[in-house]
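**Student:** Sequence:
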Amino acid sequence: MTPMGDEHMSTEHTSNAYVGTEYVEGYRPGLLGRIAELHGIYYAKAWGSGAEFEGMMAQELREFLAHYQAGRDLLLTAHLDGRLVGSIAVAGSKTDQPGARLRWVIVEEAYHGRGIGKELMRRALEFCRTAGFSRVYLWTVEGLPQSLGLYLSAGFRIVDRFPDDHYSVPLVNLLLERDLP
Numbered sequence: 001m002t003p004m005g006d007e008h009m010s011t012e013h014t015s016n017a018y019v020g021t022e023y024v025e026g027y028r029p030g031l032l033g034r035i036a037e038l039h040g041i042y043y044a045k046a047w048g049s050g051a052e053f054e055g056m057m058a059q060e061l062r063e064f065l066a067h068y069q070a071g072r073d074l075l076l077t078a079h080l081d082g083r084l085v086g087s088i089a090v091a092g093s094k095t096d097q098p099g100a101r102l103r104w105v106i107v108e109e110a111y112h113g114r115g116i117g118k119e120l121m122r123r124a125l126e127f128c129r130t131a132g133f134s135r136v137y138l139w140t141v142e143g144l145p146q147s148l149g150l151y152l153s154a155g156f157r158i159v160d161r162f163p164d165d166h167y168s169v170p171l172v173n174l175l176l177e178r179d180l181p
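Those letters in the sequence shown? Residues 1 to 181, by the UniProt record's numbering.
Hints are computed from structural coordinates only; laboratory data are not their basis. No residue lacks a Cβ here, since even glycine has one placed at the ideal position from N, Cα and C. Treat the hints loosely; a few may be bogus.
[Unchecked claim] Computed Cβ-Cβ distance ranges for the label pairs, DEER-style:
#1 Pro98 with Lys118: 24 to 30 Å
#2 Ala51 with Gly115: 14 to 20 Å
#3 Pro145 with Ser93: 28 to 34 Å
#4 Pro163 with Glu22: 38 to 44 Å
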């Protein structure tokens, strides 16, 4: 993997979300492991996932970073006191459907309800508009009300659902999408 260099990193503070949150675009050392860790911890509690799921998250994120194309892809992270507490990514250069795909949307549980997820989503959708995408989609599973609430409040709608037995418990996958003006 050829990691993204400093030319893919920018930092900005905002007053629109939790005070003191720093939003960083692009790769920084340690992000891959920390984002995989956040997913591993959250989904272990939510539905009993284990090392296989966390490893899959890390592998898919590694692939995303290896093929990252500035202007078509985005990795955006939220930090408090130098600690990564949330992330979102836009996969626009390599997708399995027309449009941009949102991935790795997560906020550490201790920081839920502070507007960090909404700000990450707002910035990701603005990136998609600026990059010229007319459609954005994402996959999630039933049974995650905070996640689904975030997506629906951001204008996404459920367009497909189907069972998935690849994990430790049977899940129902949801495909959500939204058009961009």
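**Student:** Now look at each hint and say whether the structure bears it out.
**Tutor:** Against the structure, the hints come out as follows:
1. Distance hint check for Pro98 and Lys118: the Cβ-Cβ separation is about 26 Å, which falls inside the suggested range of 24 to 30 Å.
2. Checked against the given bound of 14 to 20 Å, the beta carbons of Ala51 and Gly115, roughly 32 Å apart, lie outside it.
3. With their beta carbons about 32 Å apart, Pro145 and Ser93 fall inside the hinted range of 28 to 34 Å.
4. Checking the proposed 38 to 44 Å range against Pro163 and Glu22 shows it holds: the Cβ atoms sit about 40 Å from each other.
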